[in-house]
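Participant: What follows is the residue order along each chain.
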Amino acid sequence: MARFTIRINREERSTESPPNRPLLEVVREDFGLTGTKYGCGEGQCRACTVLINDLPAVSCLTPVSSVDGKSVTTIEGLSTGDQLTGVQQAFIDMDAAQCGYCIPGMIVEAAALLKRNPRPHRSEILDAMNPHLCRCCGYRNILSSVELAARALEANDA
Amino acid sequence: MLQVMLADTAITPDDGSTAGSRTTPATVPVVRRACAAAREMLVRVAADEWNLDMSQLRVEEGAVAHAGKRLVYAHLARSKQLTAASDNTVPRGVPLTKTADWSVLGRTLLKTNAREIVDGTHRYPSDIVRPGMLYGAVLRPPRYGALLDSVDLTRGKELGAVVVRDGEFVGCAAKTSYEARAALEAIRRTARWRTAPHPSSERLGAYLKRRAQRSGGGRRGPRRRESGDVEAALAAAGTIEASYEIPYVQHAPMEPRAAVAEWDQGRLTVWTGTQRPFGVREQLQQAFRLPAGRTRVVVPDTGGGFGGKHTGEVAIEAARLARAADAPVSLRWTRSEEFVWAYFRPAAAFEARAGLSGEKIVAWDFAAYNPGTAGIETPYAVPNVRTQYFPCDAPLREGSYRGIGAVGNNFAREVFMDELAGVSGLDPLAFRLANLDDDRLAAVLRAAASRFGWSQSRPSGQNRGTGIAAGFEKGSYIAICAQVRVEGGATEVERLVSAFECGAILNPRNLQAQVEGCIIQGLGPALDEEIRFADGRLLNGSFTRYPLPRFRDVPPMETVLLDRPDIEPAGAGETPIIAVAPALANAVFAATGRRRRSLPLQPRAN
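In order, the protein sequences belong to chains V and L. Sequential numbering of the first sequence, starting at 42, is according to my numbering. Sequential numbering of the second sequence, starting at 16, is according to my numbering.
Source of the hints: derived by calculation from the structure; they are not laboratory data. Be a bit skeptical, because a hint or two may be false.
To be verified - With a Cα cut of at most 20 angstroms, we get these calculated SDA-like pairs of lysine to any residue:
#1 L/K126 - V/S185
#2 L/K95 - L/V105
#3 L/K126 - V/D134
#4 L/K126 - L/V43
#5 L/K190 - V/E57
#6 L/K375 - L/D453
#7 L/K126 - V/G127
#8 V/K156 - V/T114
#9 L/K190 - V/R44
#10 L/K190 - V/S55
#11 L/K190 - L/M148
#12 L/K172 - V/M42
#13 L/K126 - L/T38
#14 L/K375 - L/A257
#15 L/K375 - L/V438
#16 V/K156 - V/L189
#17 V/K156 - V/L194
#18 L/K113 - L/L72
#19 L/K84 - L/S94
#20 L/K126 - V/I133
#21 L/K190 - V/T56
#22 L/K126 - V/L189
#23 L/K190 - V/A43
#24 L/K126 - V/L184
#25 L/K190 - V/P60
#26 V/K156 - L/D134
#27 L/K190 - V/M42
#28 L/K190 - V/G73
#29 L/K190 - V/D71
#30 L/K126 - V/T126
#31 L/K190 - V/P104
With the rest of the complex left out, here is chain V (with noise of 0.2 angstroms):
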């Protein structure tokens, strides 16, 4: 056991923990942020992605020690107050959800994607996104809200 600090969602909390648990379940059972979801533990549906330093991360394979003293970012963190971000916005209004549950993690990596190229052409756009699983397959839908964002991002900067 050893205690960890984190910058969570711009705010600093620590914890007790086993270095090798995942930050998943750090993030999930000891700060309750249930955004962040468990798909499969091994890295291959990204259902559990958050930022650290500002970069996607399968939290499932990552280490809570390897994070220690740095940023975090999930869900919960990506508005701020009741303004919800630009891809929030868009996912809602493509009606990207089915079940819903493989949401946050896409949403995540569409942010980072967009913060890194705010321009991303379509095969940068499923570039980003292809390793994240909807088992509903609601892609088109998912890929449409990534691209509405990314225009609406583009409009603003006009």
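For this one, chain V is given, so just place chain L on it according to the hints.
Facilitator: Just chain L now, with coordinates in the frame of chain V:
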């Protein structure tokens, strides 16, 4: 604010299960009648308040209106008249709005909980947190059929976990799932098992046929239906025959089975993701000898089901752990547990025989081993038909699935139809239309073919080919045209055009998402999915080894939704899947000249 509650056995009525595409035909009319009655009551309150006759009032956008005045439903619902209302003041038989006058139904409406889904606050069963809650983990046998000989629980207890053994059931509960897992690992190392021989997934079709139940009766027994004289017609026309097979596949919903169980003075509450909340309550009542009044099942949501979440095993396990721990317990199966221990869509084998007279099918003899009986009857017009169904003593645990029996039955039938078309010399579309007197099925075939450009010159050669398949199931109709390119062992779907009809369209965007999601999900079992097992172990029970459709697997696709406002709406979530595999198999034949009679079309060894 409108709150949608999926199920809570203490509050909501028992509307059966979310299965068989029954929600639209069974639940929607009930909800509509209830809404019509509520509207009538709200209008009555407004009429009283304004001292007007009800017939002078209109309803619009959540309010009752008259000559520029509006009273919103929320205001009206607070009136004494309604808060004091009882069952016998609810008006009966209020007429429903005619399809032609629909202003809400028939339009795209977004989900009421979309915001909670995108901001991460929507709660699935594995997200439920109760005061003092522990996390559980359950010991699974190392092989199918293995029985627990002995196990030492002390190491788990020394690690601070609550440890339960009850016959074959061994589980741990601890403050974190990490600790529960650690305790379970320590126990697992001490477990001794008795194993038994278990078959392999090789030559599964032959295995099932050997173990077919050919006599006996009852709901689960074999079935046989015959009209006309099949043998005589076959003898006169000459017999064409072929056999088909499909493997086991797994639903693999994004959220594995999960439940939170809490006991309070002999009362049990379980939050779980299930398609059958009252069925799960019954399972809990039996497992713990509880009356219904002391057993409550709440479904916050399901995290995907696809027919795979009818049973309450995880609810029972969580409740066992919670009883022993004297604290609420959250149990969520691992992905591996979900692959190995959740029930599978059945593997199946098929034998089809037919006789042709010119372009007409004069005899049809279809035997299905194990797929389930849905979709077993041919929708084509044939004078002499024999349909036989044989349940089999199966090697794996089986259950429902999206479309269930219709997936396999329609695969075999629609590939066989393609083979018969070849013998008849007719084009596959023309052959189907020549043997159909079902206008709705013909309409989706024509609509898909027309959008696809089936009658124009279609790409062929260079390993390209096109295929068509159709099907009817649970009140709705699907036809799919596919274009593929086959390169080595890989089949690339270059284009997919579908036409679907389920009566009056309730919510166009939602319908489109259901149909397209269903078709894309169907690409998995058509092309790649196959559960493999040997010596009692699953060989590919993980997302790494079990390929599922992803973003890049989505082909260019077009979907034609045929609206039939004159027909009561049927469900849409299942039927589209039944035409995917045969359309692709038929396209692969057109591309390569190689007839594919088993799934998946691009099997891989790993």
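Participant: CA of L/K190 to CA of L/M148, is that 20 angstroms or under?
Facilitator: holds, 7 angstroms
Participant: Taking 20 angstroms as the top limit, are the C-alpha atoms of L/K126 and V/T126 close enough?
Facilitator: holds, 18 angstroms
Participant: Compare the distance between the alpha carbons of L/K113 and L/L72 with 20 angstroms, and conclude whether the hinted pair is satisfied.
Facilitator: Judged against 20 angstroms, a Cα distance of about 18 angstroms means the pair holds.
Participant: For L/K190 and V/P60, compute the direct alpha-carbon distance and say whether it is at most 20 angstroms.
Facilitator: Given that 20 angstroms is the threshold and the Cα spacing comes to 16 angstroms, the pair holds.
Participant: Below or equal to 20 angstroms on CA atoms is what counts here, so check L/K375 against L/D453.
Facilitator: This hinted pair holds, its Cα atoms lying about 15 angstroms apart.
Participant: Does the structure keep V/K156 and V/L194 at a Cα separation of 20 angstroms or less?
Facilitator: Holds - the C-alpha atoms of V/L194 and V/K156 are around 10 angstroms apart, at most 20 angstroms.
Participant: Does L/K84 pair with L/S94 here, judged by a C-alpha cut-off of 20 angstroms?
Facilitator: holds, 18 angstroms
Participant: Need the status of pair L/K190, V/G73: alpha-carbon distance at most 20 angstroms?
Facilitator: Holds, because 13 angstroms separates the two Cα atoms, which is no more than 20 angstroms.
Participant: Does the structure keep L/K190 and V/E57 at a Cα separation of 20 angstroms or less?
Facilitator: holds, 12 angstroms
Participant: L/K190 and V/D71 were given as a pair; does the straight-line alpha-carbon distance stay at or below 20 angstroms?
Facilitator: Answer holds: L/K190 to V/D71 is near 10 angstroms, not above 20 angstroms.
Participant: Would you check the hint for L/K172 and V/M42, treating anything up to 20 angstroms between C-alpha atoms as holding?
Facilitator: holds, 19 angstroms
Participant: Please work out if L/K126 and V/D134 have their alpha carbons no farther apart than 20 angstroms.
Facilitator: Satisfied, since the Cα-Cα distance of roughly 10 angstroms is no more than 20 angstroms.
Checked against the numbered hints given earlier, this structure breaks none of them.
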